[in-house]
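Peer 1: Residues per chain, in single letters:
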Amino acid sequence: MDKAAIIGIGMTKAAGRVKEANYAELVYPAVVAALEDAGITIEDIDNIVTTSNDFWDGRTISSMATGDVSGGYDRNVSCVEGDGAFGAFYGWCRALSGHYGTTLVTAYTKGSESVSPYITNAAFDPIYVRSLGLDMVSGCALQARRYMNRYNVSEEQCAVVSSKNHRNALNNPNAHLQLDLSVEDVMGSRMICEPMKLYDCSPVSDGAVAVVIANEEKTKKFGKKPAWIKGVSFCMDNYLLGDRDLAECAALEKAAKQAYAAAGISNPRKEIDVAEVYDAFSYQELMWTEGLGFCEKGEGGKLAESGATGKAGDMPVNPSGGLLPSHPVIAGGLIRIAEAVRQIRGEAGDMQVDKDVGTALAHGVNGVAGQSHCVWILGKE
Amino acid sequence: MARRSAIVATGQTHHRSIRRDVNGQEIINEAVTRCLEDGDLTINDIDAVVIGNMDHFEGINYVDCWSVDGCGGFMKPTIKLTTGGTTGSTLAIAGHHLVASGAFEKVLVIGWEKNSESDTTGAINTAFCPIWDRPFFAGAIAGLSVTAQSYADRFGATPKDAARVAVRDRRHACLNPYAHLRKEVTIEEVLASPMLADPVCLLDMCPRTDGACAVVYAAEGLAEKMCPQPAWVHGVASRHMFSYVSDADFAGGSLFSMERAAQELYKKTGIKEPLKEIDVIEMYQPFSWAGLIWTEDMGLCKKGEGPKLVWDGVTDLGGELPINPSGGVVSTNCIGATGLIRAAEVALQIQGKAGERQVPDVNLAIATGFGGCLWTDMLAYGKNKPE
Amino acid sequence: MSNVWDSVEPRVLESRIKVPYAWQAGETASHFLLSLKNETKFVGKKCAKCTKVLVPPRKTCPYCFVETGEWVDVSDEGVVETYAVVRRDTGILPVEPPFVYGVIKLDGADTGLVHIVGEVKPEEVKEGMRVKAVFAEERTGKILDVEYFKPV
Numbered sequence: 031m032d033k034a035a036i037i038g039i040g041m042t043k044a045a046g047r048v049k050e051a052n053y054a055e056l057v058y059p060a061v062v063a064a065l066e067d068a069g070i071t072i073e074d075i076d077n078i079v080t081t082s083n084d085f086w087d088g089r090t091i092s093s094m095a096t097g098d099v100s101g102g103y104d105r106n107v108s109c110v111e112g113d114g115a116f117g118a119f120y121g122w123c124r125a126l127s128g129h130y131g132t133t134l135v136t137a138y139t140k141g142s143e144s145v146s147p148y149i150t151n152a153a154f155d156p157i158y159v160r161s162l163g164l165d166m167v168s169g170c171a172l173q174a175r176r177y178m179n180r181y182n183v184s185e186e187q188c189a190v191v192s193s194k195n196h197r198n199a200l201n202n203p204n205a206h207l208q209l210d211l212s213v214e215d216v217m218g219s220r221m222i223c224e225p226m227k228l229y230d231c232s233p234v235s236d237g238a239v240a241v242v243i244a245n246e247e248k249t250k251k252f253g254k255k256p257a258w259i260k261g262v263s264f265c266m267d268n269y270l271l272g273d274r275d276l277a278e279c280a281a282l283e284k285a286a287k288q289a290y291a292a293a294g295i296s297n298p299r300k301e302i303d304v305a306e307v308y309d310a311f312s313y314q315e316l317m318w319t320e321g322l323g324f325c326e327k328g329e330g331g332k333l334a335e336s337g338a339t340g341k342a343g344d345m346p347v348n349p350s351g352g353l354l355p356s357h358p359v360i361a362g363g364l365i366r367i368a369e370a371v372r373q374i375r376g377e378a379g380d381m382q383v384d385k386d387v388g389t390a391l392a393h394g395v396n397g398v399a400g401q402s403h404c405v406w407i408l409g410k411e
Numbered sequence: 002m003a004r005r006s007a008i009v010a011t012g013q014t015h016h017r018s019i020r021r022d023v024n025g026q027e028i029i030n031e032a033v034t035r036c037l038e039d040g041d042l043t044i045n046d047i048d049a050v051v052i053g054n055m056d057h058f059e060g061i062n063y064v065d066c067w068s069v070d071g072c073g074g075f076m077k078p079t080i081k082l083t084t085g086g087t088t089g090s091t092l093a094i095a096g097h098h099l100v101a102s103g104a105f106e107k108v109l110v111i112g113w114e115k116n117s118e119s120d121t122t123g124a125i126n127t128a129f130c131p132i133w134d135r136p137f138f139a140g141a142i143a144g145l146s147v148t149a150q151s152y153a154d155r156f157g158a159t160p161k162d163a164a165r166v167a168v169r170d171r172r173h174a175c176l177n178p179y180a181h182l183r184k185e186v187t188i189e190e191v192l193a194s195p196m197l198a199d200p201v202c203l204l205d206m207c208p209r210t211d212g213a214c215a216v217v218y219a220a221e222g223l224a225e226k227m228c229p230q231p232a233w234v235h236g237v238a239s240r241h242m243f244s245y246v247s248d249a250d251f252a253g254g255s256l257f258s259m260e261r262a263a264q265e266l267y268k269k270t271g272i273k274e275p276l277k278e279i280d281v282i283e284m285y286q287p288f289s290w291a292g293l294i295w296t297e298d299m300g301l302c303k304k305g306e307g308p309k310l311v312w313d314g315v316t317d318l319g320g321e322l323p324i325n326p327s328g329g330v331v332s333t334n335c336i337g338a339t340g341l342i343r344a345a346e347v348a349l350q351i352q353g354k355a356g357e358r359q360v361p362d363v364n365l366a367i368a369t370g371f372g373g374c375l376w377t378d379m380l381a382y383g384k385n386k387p388e
Numbered sequence: 114m115s116n117v118w119d120s121v122e123p124r125v126l127e128s129r130i131k132v133p134y135a136w137q138a139g140e141t142a143s144h145f146l147l148s149l150k151n152e153t154k155f156v157g158k159k160c161a162k163c164t165k166v167l168v169p170p171r172k173t174c175p176y177c178f179v180e181t182g183e184w185v186d187v188s189d190e191g192v193v194e195t196y197a198v199v200r201r202d203t204g205i206l207p208v209e210p211p212f213v214y215g216v217i218k219l220d221g222a223d224t225g226l227v228h229i230v231g232e233v234k235p236e237e238v239k240e241g242m243r244v245k246a247v248f249a250e251e252r253t254g255k256i257l258d259v260e261y262f263k264p265v
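Chains as they are written, first to last, in our numbering: chain A, 31 to 411; chain B, 2 to 388; chain C, 114 to 265.
Because the hints were derived from the structure by calculation, they are not lab data.
For clarity, every value in this text was computed on a predicted model and none was experimentally measured.
Keep in mind that a hint or two might mislead.
So, partial list: chain C residues that the calculated Cβ filter (under 8 Å) puts toward chain A [as the list claims (entries may be wrong)]: (1) Ile130; (2) Leu206; (3) Lys255.
Positions of the beta carbon are idealized from the N, C-alpha and C atoms, including for glycine.
Just chain A, with the same shape it has in the complex:
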């Protein structure tokens, strides 16, 4: 595929409940920030992809709520329903299909405006499963147990991830929760759905994010600090939990393999300098670091314990804190992309990892228990 880059990013401070703004008012500042960051105005935007979810918003045609603040008036607009990383994929395609040069991609959720178990329960099959009352938490708990049993992963190892990510968020002015949690604090938190305790679970937050993707021509014209898109891929596993081998993440492995191939990466552990992954639950960071090839299968816990995934480590993961402290649902994956862009630019402030960043990875997930994964590789050149 032709070259393209992310030339602007903007996001709001995520919070438990933003009473002062509705969806549109939440998205608008993110859009304004992204345009400013790119050094352009809305007139320079050719087309828009909004990302939202009808259930979280309680509105069918949820894209209608934020079209105008995304600059949609009298423009070409489309809408992806799913995690923001997938929306950005489509936005990237639109910047390269010969029609447009710059795509503005937005993603948001106001998690506070609904009752999350009802929302995620609706993701379960209405005929065979829904009435059992499963939700995202219990669905993921089934995966956590399967994974942890197969590979002898302990709750402590999961707690290491949670503590690391919550503490990383202390450096992140946009994170919802800013808690200085030790491993003991996580282990001592109340059990929600075994094996996951309160601090093994991400909160549900209100937040919005916007990015500007530009093709090569427009990047040369506008892009002051481009983060080049080296490879993107996504892949979806089977749907019913009983159809899947929950201890594995085959779909992530496939998506990662394809993204790495496109980016010319053969040794991710060495060649990826920083990764922002979708850790909705602490066990997930362990699983996804394995699926991404940062360590062998089943070694994610050891990787976390070694300190390698800390800010100062050789394989920093989620220096922004990831989702565990801050989870505006649909915005999750796109925020990972935005944070990865910051790392590439060297503009992540106190979140900036110690090592030089030439290549960054960002990751988004759709569906229950990591059914569908989207992997982004970004580069300085």
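Assemble chains B and C onto chain A, guided by the hints.
Peer 2: Relative to chain A, chains B and C alone:
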């Protein structure tokens, strides 16, 4: 390199009021299976899946994830788009971009809806802002009837003019084995049907339908090998205008988004005289009055002359520029699929596979989408590759 | 902008959307559910291509994307592949917490069925544990015609 794309295969279900015999996955699977058969393909030939519907009509969250059995997305890149009524055309546009960008070679695009599984109006109402719009705006019909009333006031069109459009589409539908409503209606029957919201009567309005549609887009280089006559994408355009119902201009007598989308599309494709140069249109026309107003907004005639165009038979099968040879939306409306059916029908026309509803010598065809807050999508397809 | 909110409490509209649903199960699911209701029996569908026996049954095999073939009786007993103990009441649960969800591979099936593991202390549930279905007295052709699976 950006490259050309074409629709190479299509499939759709026989659309019905209520498909009691299948669940959502199974109705999707029917359309997909027919589409793959049409293209002599298997699911292994497909590189990516794009799917869409209007969520609250079936009450399933993360439909892309749920749809695996039906769409064949197991271990494939699968993504969902939804934009309300324009969902189907949004999907058709996405199929093009995903191929044209170089991301994929062959993309399966699926639109579907099982309207029978929910209270349609109850679901549609959730589209509108709960604070400003929802308490006053009852479903889709209210806004459409306002546009009809203001158009009638401005240009003197009558319910009889609108009924002529319904008569045309319902007659066309009798030639389409997939259409939902396959019984002709007369002008008198339309005018005598129950009034829904002045001046829109029941037979002016689309039904609600269970149905699904699937198409395969392929890249230039492959498309030519995959079927004898690909339907090449010549251009795509869309306009989303408003977020709040009260911002929309209902009284202007035009569909602003359509005027703007048409302008952009014609510029991209070099169309200067739409009436002459376009051979067939599948218009997402959710009610009869739109068949008057939007022919003007598409530049087929001057403002106010839509009725004359229709009464002169220009838009009938056999006329100079047939509109909705498939029977259109007033004969079949499985919302998530409807916009995509417009693209599929246009592809069939270009491929010469439209059976009894075939328009002769189709070189250039337009498919449109309508929905959301008076949004428009438009796609142009051609027999030959675009410049 | 922020000083606007210093003396003004943002207003909140409390509301609910009400959209009733009636999902058609289709022939395949109906067959399975009616078998639970009328015969307290589990049935699966075998894929003609990969020969996996799918429980719950589907008209199309999700792995192969071909229509499934014959109906196969499967046992009402099986093995717990994984489990999760619900502690928090979410308001949509069929039973009061604490209780256990499990993915159960019934003998004869190749895919797991998600359900509830009952008559057991949460701390005693183990992967590999054998369980047997307990049917509800009043059955209507739904997945909860099976009340839960209990250890054997």
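Peer 1: Are the hints correct? Go through all of them and say.
Peer 2: Hint-by-hint comparison with the structure:
Satisfaction of the interface hint for C:Ile130 is found here, the shortest Cβ-Cβ separation to chain A being roughly 5 Å, below the 8 Å cut-off. For C:Leu206, the interface hint holds, the least distance from its beta-carbon to any beta-carbon of chain A being 4 Å, beneath 8 Å. Annotation: interface hint on C:Lys255 holds; nearest CB of chain A at approximately 7 Å, less than 8 Å.
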